[in-house]
Amino acid sequence: MHKNSEVLLKIRNAQTYFPVQKGLLKRTVGHVRAVDKVSLNVYWGETLGLVGESGCGKTTLGKSILQLVPVTGGEFIYNFDGEEKDLRKLSKEEMMQARKRLQIVFQDPYSSLNPSFTIFGSLQDPLKKFGVKSKEERKRIIGDLLEAVNLHRDYMYRYPHEFSGGQRQRIGIARALSLQPELVICDEAVSALDVSIQAQVLNLLLELKEKHQLTYIFISHDLSVVEYMSDRIAVMYLGKIVELAQAEDLFANALHPYTQALLSAIPVAEVGRKRKRIVLEGNVPSPVNPPPGCAFHPRCPYAMEVCKSRVPELKTYVLDGKEHQVACHLAADKVGAPAKSRQAEVDSNATN
Amino acid sequence: MDRLKMLEKEGLLKSRQGSRAVGKFLQNKLAVLGLMVFAVILLASVFAPLITKYDPAMIDLRSRLSPPSWQHLFGTDKLGRDVFARVLYGGRISILVGFGGALGAALVGVSLGTYAGYKGGWLDRILLRVSEIFMAFPQIILVLLLVSILGQSLWNLLVIFTITGWGSVYRMTRSQMLSIREEEYVQALKAFGLSDALIAYKHMLPNALGPIMVNLTLSTAMFILEETALSFLGLGVPLHIPTWGNILNAAQDLTILQEAWWIWVPVGIVISAFVLSINFIGDGLRDAVDPTQQG
Ligand SMILES: Nc1ncnc2c1ncn2[C@@H]1O[C@H](COP(=O)(O)OP(=O)(O)OP(=O)(O)O)[C@@H](O)[C@H]1O
Ligand code: SF4
Ligand SMILES: [Mg+2]
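First to last, the protein sequences are chains U and P. Note that our numbering has the first sequence beginning at 1, numbered continuously upward. Note that our numbering has the second sequence beginning at 1001, numbered continuously upward.
Some clues are possibly wrong.
Unchecked claim - Just the calculated beta-carbon pair ranges, DEER-fashion:
1) Glu1132/P / Ser196/U: 52 to 60 Å
2) Ile1051/P / Tyr110/U: 24 to 32 Å
3) Val288/U / Val1130/P: 51 to 59 Å
4) Val20/U / Asp1287/P: 35 to 43 Å
5) Val288/U / Leu1033/P: 27 to 35 Å
6) Lys211/U / Leu1026/P: 46 to 54 Å
7) Met96/U / Pro1206/P: 54 to 62 Å
8) Ile1126/P / Ser286/U: 31 to 39 Å
9) Arg27/U / Ile1149/P: 51 to 59 Å
Unchecked claim - The list that follows gives simulated cross-link-like pairs (lysine to aspartate or glutamate, EDC-like), each with its CA atoms no further than 16 Å apart:
10) Lys1190/P / Asp249/U
11) Lys1202/P / Asp125/U
12) Lys1078/P / Asp1196/P
13) Lys92/U / Asp1253/P
14) Lys322/U / Glu210/U
15) Lys1078/P / Glu1259/P
16) Lys129/U / Asp1196/P
17) Lys26/U / Asp1124/P
18) Lys1190/P / Asp194/U
19) Lys139/U / Asp125/U
Since the hints were derived computationally from the structure, they do not count as laboratory data. Computed from a prediction, not measured in an experiment: that's the story for all the values here. Note that beta-carbon positions come from the ideal geometry of N, C-alpha and C, so glycine has one too.
If we strip away everything but chain U, and leave its shape as in the complex, we get:
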C-alpha cells in the first residue's frame, strides 16, 4: 500500500510530558501531555502529513523524534541501513552520528537564523563538526547548498536581515540538507509565508525530496497544504493521533468527527468538494487535565455515554483494501469491525 513499504521510523507509545511547576519551591503540580502515547510508522520515501489545531503537540512530536526535548517514554526505532535501533537508547557517539540523518526545518523564518552571523558563519559549524576541515571546502558545500535552493552562492556572505522571509526559509531548508539527511521534519515550513511564496517553497521541497530521496514528516495546521504535500496524513488532537490514512482516503472518507470538522473548515473552492461546514463548539481543552474518555467528547457532535469514560483506541480498519486508522467508538458502526491481524499488531504496541 505504500510507495515503499520499508519502515524508516517506528514510533511506539511515544510520550512527552512537560512538568507544570508552581510556587517558590518549583513543585510539580501536573504535566502537560504534549505527546501522549503516539504510535505510528514512517515509511521510507513517503511524506507523512501531520495536522491538528495549535497546541495539539505537533512540534513537540517532531522535537521528540529528534530528541530535542526530554522524552518521557516510548520507543523511536530508526532503521539505520537495515539495523533497527531505538533513538533513545543510543550512546552519545551513536546519537551524534544519527543526527546527520535527522533534520528539521522550522516555522519562523525570523528566528531560525542567527542575526549575528553571516549565512556562512551559521552553516559552517555543523560541517566542521562532521569532518569538513578546510574552509574552502565548506565554502564550496554551502555555495552548492544555496544554489540547490535557488539562491545565489555569494549570499553566504550576507546577514539574515538582508533576506526576505521566503529567502530565509530557503536558507533554513539548505541548512537542514547540509549533512545529507534521510528524514526531514518540516514544522510549519511555509505557514509564515505569503501564499504566493508558499507555493514556490512547497514545490522546492518536493523537488529536493525527489533529488535527494528524502522522507518528510510535514507538519501543518493547514489541511490543504498538507493534502498537496502528503502521501499519508495523521490527524492529531490533544497529544494523540486520532486518525491516520492515505491522503485521498482521509479526504474522501474521514471517519473521525474531529477530522470531519477540520475538513469542513477548508473553503469549498479550494477543495472542489461540497461540504456542510461543521462548527466545533468550545475551546481546545487543556492538555494538563484532558477530559476523561475520548478527549474530543466535549466538542463532539456524536458523543455518546461511553465516550465520557472509555478512551477509544487507535484501530486499523481496512476500507477497499486500504488501511485506515481511527480512534473513535463510532468507527466500527460506520465501517464494520477493525482488521483483526493489523489490529493485533497495533494493540500489542499500544497497550504496554
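Starting from the known structure of chain U, fit chain P with the ligands onto it as the hints suggest.
For chain P with the ligands alone, coordinates are given in the frame of chain U:
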C-alpha cells in the same frame, strides 16, 4: 567600492543592525554629551604627563595650601602637591579600578550565566542561589575582612568588586540566554549535535551582549563611586597612590573642608561629571540596543 564589497565578503563589516544601533545612539543628545565629557576626562587622565608638568607625588613644602592660580590650576594640598596633577593622575587609578571591577564582575558573571542560562536545570538553580547570597553579603564587612588580612591595595578593590558584582551580571546574562535558547536557530544547532559550549558561547552570547555592555558601563560608574567612598573611609587604595577617593580623603580634615575648598570641590565635580557621563552613555546604549524599540 570594491574594497567595501571585499570587506563585506570577508565578514569584516559590522552588520547593519550594529550601525543602526550606533545611529540611534548618536541621536540621543544626552548620550553624545556624556560621551564627550567621558572622552575629555579619560584622555586627560591617560595623557596626564602631556597636560601638566607637575609630578602628583612631588612635595613642595614652600607652597602648601596655596589657592588656585595660573601656577597651580586647582591649587595645592597640605603637602604642597599640585591638586590638578593629582586629579589627572588619580583619574587613571580610579577609572582603572572602576572599569577593572566591572570587567572582573562581567567576566565571571557572563561566563557562568551564558552556560548555566543555556543548560538550565540544577546548575542554574544552584548558581542563582549562590549569586543571591553574594549580592546580599554586606560589602563593608568583606572590605574590612580583606583589608585586615591582606592590607590595603588596589587588587583588594578589584577582588571585592568582582565578588560583589558578578551576581547581578549572572542574573542578567542567564535571563537573556533563557529567552534566546527558545530561538529556532538554537534548536537547529542542537539538532546537529553541536556541543553545548559552542552553541552557548559562540552562537548565542553575541546576541546577549547588548544589555551586558549597558550593564558594564553602568557598573563602571557605580564602582568608581564605591572606590571614592571606600578611599574616603581610608579602606580603599593605599593613601600614597593618588586616586579621586584619596584626594577627597583630605577633606576629612575640618580646616581643609572649611578653608581649602579647592582641594575637594574640583575633584568632586570631576567625579560627578564622569559618573554622570557614564550613566548617560549607559542609558543611550540601553535605548540603542533595545530590540523592542527598533524602528
Ligand atoms: N518547553 C515546553 N514546556 C512546557 N510546555 C510546553 C513546552 N513546549 C510545548 N509545550 C506545551 O505542549 C503543548 C503542545 O505544544 P506544541 O508546540 O507541540 O504544539 P503545536 O501543535 O506545535 O502547536 P502550534 O500549531 O501552535 O505550533 C502546548 O500545550 C504547549 O503549551
Ligand atoms: S469516541 Fe465518541 S466523542 Fe470521541 S470522537 Fe468518537 S464519537 Fe466523538
Ligand atoms: Mg508548532
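Against the structure, the hints come out as follows:
1. Glu1132/P / Ser196/U: 52 to 60 Å: holds, 53 Å
2. Ile1051/P / Tyr110/U: 24 to 32 Å: violated, 51 Å
3. Val288/U / Val1130/P: 51 to 59 Å: Taking Cβ atoms as reference, Val288/U and Val1130/P lie about 33 Å apart, which means the hint is violated.
4. Val20/U / Asp1287/P: 35 to 43 Å: This hint holds: roughly 37 Å between Cβ atoms.
5. Val288/U / Leu1033/P: 27 to 35 Å: Once the Cβ atoms are compared, 54 Å apart, the range 27 to 35 Å for Leu1033/P and Val288/U is violated.
6. Lys211/U / Leu1026/P: 46 to 54 Å: Roughly 50 Å apart at Cβ, these two residues keep to the hinted range, so it holds.
7. Met96/U / Pro1206/P: 54 to 62 Å: violated, 25 Å
8. Ile1126/P / Ser286/U: 31 to 39 Å: holds, 32 Å
9. Arg27/U / Ile1149/P: 51 to 59 Å: This hint is violated: roughly 43 Å between Cβ atoms.
10. Lys1190/P / Asp249/U: violated, 37 Å
11. Lys1202/P / Asp125/U: With Cα atoms ~10 Å apart, Lys1202/P and Asp125/U stay inside 16 Å; holds.
12. Lys1078/P / Asp1196/P: violated, 59 Å
13. Lys92/U / Asp1253/P: Between Lys92/U and Asp1253/P the Cα gap is close to 69 Å, so the pair fails against 16 Å, i.e. violated.
14. Lys322/U / Glu210/U: Distance of about 25 Å is beyond 16 Å: violated.
15. Lys1078/P / Glu1259/P: holds, 12 Å
16. Lys129/U / Asp1196/P: Satisfied, since the Cα-Cα distance of roughly 13 Å is no more than 16 Å.
17. Lys26/U / Asp1124/P: Cα-Cα ~13 Å, so holds.
18. Lys1190/P / Asp194/U: With a Cα-Cα distance of about 28 Å, the restraint between Lys1190/P and Asp194/U is violated, given a limit of 16 Å.
19. Lys139/U / Asp125/U: holds, 12 Å
Of the hints listed earlier, those the structure fails to meet are numbers 2, 3, 5, 7, 9, 10, 12, 13, 14, 18, in rising order.
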